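**Student:** Produce the complete structure using the sequences and hints provided.
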Amino acid sequence: MVEDSSNFRRPNETSSEASSSEITDFDDEVCERHVPWLARHLSKDVEKVAMLLEVDSVEIEAIKEGEPQPERRNIKILNSWRNAEMKLGKKPTWEKICLCLEDETVGRCDVIRALLKEDELDDRVLVWLAPRIAASFRNYARVLGVPECEIDMSNQNFEGVGRSCMDVLQRWRRRTRYPKVEDLIQALEHDIINRPDLAEEMKEKFCNHEVKDEVLSQLDNLSI
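Just so we're aligned, residue 1 is where the sequence shown starts under the UniProt record's numbering, counting upward by one.
Simulated from the structure, these hints should not be mistaken for laboratory data. There's no promise every hint is true.
The list that follows gives simulated cross-link-like pairs (lysine to any residue, SDA-like), each with its CA atoms no further than 20 angstroms apart [as the list claims (entries may be wrong)]:
1) K44 with P70
2) K48 with Q170
3) K48 with R113
4) K44 with R113
5) K48 with V58
6) K96 with E29
7) K90 with E54
8) K203 with V143
9) K44 with T176
10) K91 with E29
11) K48 with A114
12) K203 with A134
13) K96 with C109
14) K91 with S80
15) K44 with K91
16) K76 with D56
17) K180 with C207
18) K76 with R33
What follows is a set of in silico ranges between Cβ atoms, one per label pair, in the way DEER data are often shown [to be verified]:
19) R177 with V58: 29 to 39 angstroms
20) C207 with E65: 48 to 58 angstroms
21) E201 with F158: 39 to 49 angstroms
22) R33 with P147: 32 to 42 angstroms
23) M51 with G89: 14 to 24 angstroms
Note that this is a predicted model, so its numbers are computed, not measured. Every residue, glycine too, gets a C-beta built ideally from N, C-alpha and C.
**Tutor:** Encoded structure:
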């Protein structure tokens, strides 16, 4: 469920730049100055969100034809929604955006976390795990609840199985409202995966707070 709108905070309006893309807090309304931030975070998923917000498809196509620059195009599409809402006497709210972000056709809960300034599951955890679970990454992704079509895309977009695994883990993180190390560990312990050894190793490295920072520091330059 989307966070209640009362949990959103008012934007920092001390800046003289009303259109600043640096946003620290949010009130309930998506203001014009917030749109560049949202467009940048959504990137290629702007159209999916716009369709769920019921922006006219003809208008989307007209904007795409008239604006070749992707970021400006995305800003115009989102502003089209804002303008339509206000013409109808409605308020363009962050809650409506968040409902779209959580929809399975969009799967961008990472933007909600950025919106609310919530902690993100460290990328280095995924970097550590990906090569260790690569041989079983398709089944592992299924246990985590990643849609089959996205697993296929991860498999097709990268030549190495390690990179495919990393991509599918990132897709899982984007889709999950509260992604945690414990979720990854539980998936390792699932009967289909049956990797209690790896689950135990992951607990020791990432659930022991005394050593967690040291391990993450050692992984700073690790790549797959």
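**Student:** Does each hint fit the structure? Answer for all of them.
**Tutor:** Here is what the structure says about each hint:
A C-alpha spacing of about 9 angstroms is found between K44 and P70, which places the hinted pair at or below 20 angstroms, so the restraint holds. Distance hint between K48 and Q170 is fulfilled; the C-alpha atoms sit about 19 angstroms from each other, no more than 20 angstroms. Between the alpha carbons of K48 and R113 the distance comes to roughly 19 angstroms, so the proposed pair stays at or under 20 angstroms and holds. A C-alpha spacing of about 18 angstroms is found between K44 and R113, which places the hinted pair at or below 20 angstroms, so the restraint holds.
Only pairs whose Cα atoms come within 20 angstroms are accepted, and K48 paired with V58 is accepted, the gap being roughly 14 angstroms. Distance check on the hinted pair: K96 and E29 sit about 10 angstroms apart at the alpha-carbon level, within 20 angstroms; holds. A distance of roughly 14 angstroms separates the Cα atoms of K90 and E54; the hinted pair therefore holds under the 20 angstroms criterion. Pair hint K203 plus V143 holds up; C-alpha atoms about 18 angstroms apart against a cutoff of 20 angstroms.
The straight-line distance between the Cα atoms of K44 and T176 is roughly 19 angstroms, inside the 20 angstroms bound, and the hint therefore holds. At roughly 7 angstroms between alpha-carbon atoms, K91 and E29 fall within 20 angstroms of each other, so this suggested pair holds. A distance of roughly 19 angstroms separates the Cα atoms of K48 and A114; the hinted pair therefore holds under the 20 angstroms criterion. Straight-line distance between C-alpha atoms of K203 and A134 comes to about 19 angstroms, which keeps the hinted pair within the 20 angstroms bound.
Of the supplied pair hints, the one linking K96 and C109 holds, its CA atoms being roughly 13 angstroms apart against a limit of 20 angstroms. Using a Cα cut-off of 20 angstroms, the hinted pair K91 and S80 holds, with the two alpha carbons roughly 13 angstroms apart. The suggested pairing of K44 with K91 is violated, with an alpha-carbon distance near 25 angstroms, which exceeds 20 angstroms. Taking the CA atoms of K76 and D56, the gap is near 13 angstroms; set against the 20 angstroms cutoff, the hint holds.
With a CA separation close to 10 angstroms, the supplied pair K180 and C207 stays within the 20 angstroms bound. Among the hinted pairs, K76 with R33 is consistent with the structure: their alpha-carbon atoms are about 12 angstroms apart, no more than 20 angstroms. For the hinted restraint 29 to 39 angstroms between R177 and V58, the CB-CB distance of approximately 33 angstroms keeps it satisfied. Distance hint check: the CB atoms of C207 and E65 are about 52 angstroms apart, consistent with the given range 48 to 58 angstroms.
At about 25 angstroms, the beta-carbon gap between E201 and F158 misses the expected band of 39 to 49 angstroms. The supplied range of 32 to 42 angstroms is met by R33 and P147, whose beta-carbon atoms lie about 34 angstroms from each other. With their beta carbons about 23 angstroms apart, M51 and G89 fall inside the hinted range of 14 to 24 angstroms.
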